[in-house]
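Note that the protein sequences, when read in sequence, are chains A and B.
Going by the numbering used here, the first sequence opens with residue 1, and the numbers climb by one from there.
Going by the numbering used here, the second sequence opens with residue 1001, and the numbers climb by one from there.
Treat the hints with caution; some may be incorrect.
Claimed, not checked - Below 27 Å or equal to it, Euclidean Cα-Cα: the simulated DSS-like pairs (lysine-lysine) are:
#1 B:Lys1382 <-> B:Lys1316
#2 B:Lys1092 <-> B:Lys1171
#3 B:Lys1294 <-> A:Lys129
#4 A:Lys27 <-> B:Lys1294
#5 B:Lys1294 <-> A:Lys28
#6 B:Lys1298 <-> A:Lys28
#7 B:Lys1151 <-> B:Lys1098
#8 A:Lys70 <-> B:Lys1316
#9 A:Lys73 <-> B:Lys1254
#10 B:Lys1171 <-> B:Lys1151
#11 A:Lys101 <-> B:Lys1092
#12 A:Lys8 <-> A:Lys27
Hints are computed from structural coordinates only; laboratory data are not their basis.
These are the residues of each chain, in order.
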Amino acid sequence: MKGMEIRKILLVEDNPDDVELTLHALKKHHISNAIVVVRDGAEALDYLFFKGAYANRDKSMPALVLLDLKLPKIDGHEVLRRIRSDERTKMLPVVILTSSKEQQDLINGYRNGANSYVRKPVDFDEFTKAVQTLGLYWLVMNEPPPEMEGGK
Amino acid sequence: MTHDMMVLISNSQEGIGDRFESIGKRHICNIYRNRNEQFSLIADFMLHGLRRGHKCIYIVDENTKDDVLGVLKEKEGRDDGSMLDNLMFLTKEDSYLKGGSFDPDRMIKLLQETQETALAEGFPELRVTGEMTWIFSKLPGVDKLLEYEAKLNYFFPNSKSTAICQYNENKFDAKTLMGVLNTHPVVGIYGELYENPYYIHPEVYLASLIGDVPVAMYENARDDCVKRASVERERRRAESALMEANKRLTESNKELDAFSYSVSHDLRAPLRSMDGFSQILLEDHADRIDEVGKDYLKRIRAASQLSGQLIDDLMKLSRISRSEMRVETVDLSELGREIAAQLRNSSPDRNVEFVIADGLVARGDPHLLKIAIDSLMGNAWKFTGRHPAARIEFGQDKTDGKKTFFVRDDGAGFDMAYVGKMFAPFQRLHSSDEFPGSGIGLATVRRIIGRHGGMIWAEGAVEKGATFHFTLDN
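With the sequences and hints as input, model every part of the structure.
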């Protein structure tokens, strides 16, 4: 049944260490959503739009997208633009989670319709706290947009 | 002289005070087509002179005295009769054409006498203007107009007078007007003032007008051409070299920016990994690691965090050298108070007295000055951290007659033997377990002070505190 389905988190991150640290942080605070990891912008779009290797995946949309900016193949800004320009994915909560301190990245992030922009701290404790705060807010406190049936 | 050397002497639109004050040469002509253009210059000339208490004389011909008074009163805005007391009107018969003829030397003598009288009466300067249509009176001597204009150029440079000869372009022929251009170092054209490249030195001009031209005069002029051309070539070369250097600097800065950005960005990710996995090992695998292992992991964490700090500081330091500086008046007392409040907030249980002097003000870039004072006061805060009570002072005094700011603390201090190393990047006088830090703070402060044209120096003693003095170029 729809209501019982566990909402997923889509983590778009090319750095394997950062993937590991993010998963660790979420697991530690019992954020029990399933986490789908994609390693570049093209794979992210394939996942969201049921293409390539993900052509036959289940039809649900993630409750949250954690998006890095510096990605191989297609960068984070472009992924965000495509998410916002498609009816199926337009309302997806997207949190940019990036190492970039560039003002221009911040501006473009919001211009392209990010819900939030978080800079990855170098300090691990700070990083863990940030991920947990994000998880708690977006997955527990925030009301996600209604589950859209993908592929329709 | 080349045509592109016309220099505009402050625009009448800009309203920059009295543009006649800035002119060294004081023999000006006013060429105009209509009354608007005429009085745009003349009204300014007269009113500024009257406001400064100069003696002002207007020789009318085209206009009447009432015409002129009308325009002046309108431009002045108020009917201040008293100011116009120092304005005297003369007719051409009183002046140029006294006795029924015109004589250049007699007229110049009259001008000289008028100046003497005015100075004797207590006026600081004389301003004269005349409408030159009197030459159409056909009286004897009027053909000597240009001789007169040329000879005036011997009189004005060392005088206390300024004169404007008014020429209505519609009424004078080209030959006369050309001669007017040749005899006035500063020219007013349609209401704006310009340095005049057609001005010819009176000796030269008079020689060609009424006398012989000695060979030496020609040879000097010829040699001057050659000299000016080479000066001009040199100037152009220097200018293009400067533009080229500027362009290279801008490009290099842009490259440096991009390089610094990617370096710092790419360095941060591995540091996070080092810090993160060390921590995870300490937390989740503690039971399988011995004490020594745990200690090493802690050191790995500390080292990666320090690396991150170093990257941030280096980025800041390099950005400071390259950034554009805004210059404003900055309230340093207010800045000091803000920083003191922030420091207090960071550790509310510390017992620190802040003494920030009032009225600390400087001209400089507010953002950079904030970084500098933040760093100095932050240091004072840090190096008094081991004392139960502390006093941090930010004030100013005079050293060798120059205004000097200082930040003083009564904390750990330093050994003066090492004072020479203090401001170099990465030089530390304390070990990092005594006091944390990357060693780059003072180098940054010094660069900021340097960009403001100032100097910074320090004095202190071990356990007796430290004082950092600095100046900012005012």
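Hints and how they fare:
no. : hint                    : in the structure
1   : B:Lys1382 <-> B:Lys1316 : 20 Å, holds
2   : B:Lys1092 <-> B:Lys1171 : 17 Å, holds
3   : B:Lys1294 <-> A:Lys129  : 22 Å, holds
4   : A:Lys27 <-> B:Lys1294   : 23 Å, holds
5   : B:Lys1294 <-> A:Lys28   : 21 Å, holds
6   : B:Lys1298 <-> A:Lys28   : 21 Å, holds
7   : B:Lys1151 <-> B:Lys1098 : 19 Å, holds
8   : A:Lys70 <-> B:Lys1316   : 23 Å, holds
9   : A:Lys73 <-> B:Lys1254   : 26 Å, holds
10  : B:Lys1171 <-> B:Lys1151 : 23 Å, holds
11  : A:Lys101 <-> B:Lys1092  : 78 Å, violated
12  : A:Lys8 <-> A:Lys27      : 14 Å, holds
In the structure shown, a violation is registered for the earlier hint numbered 11 alone.
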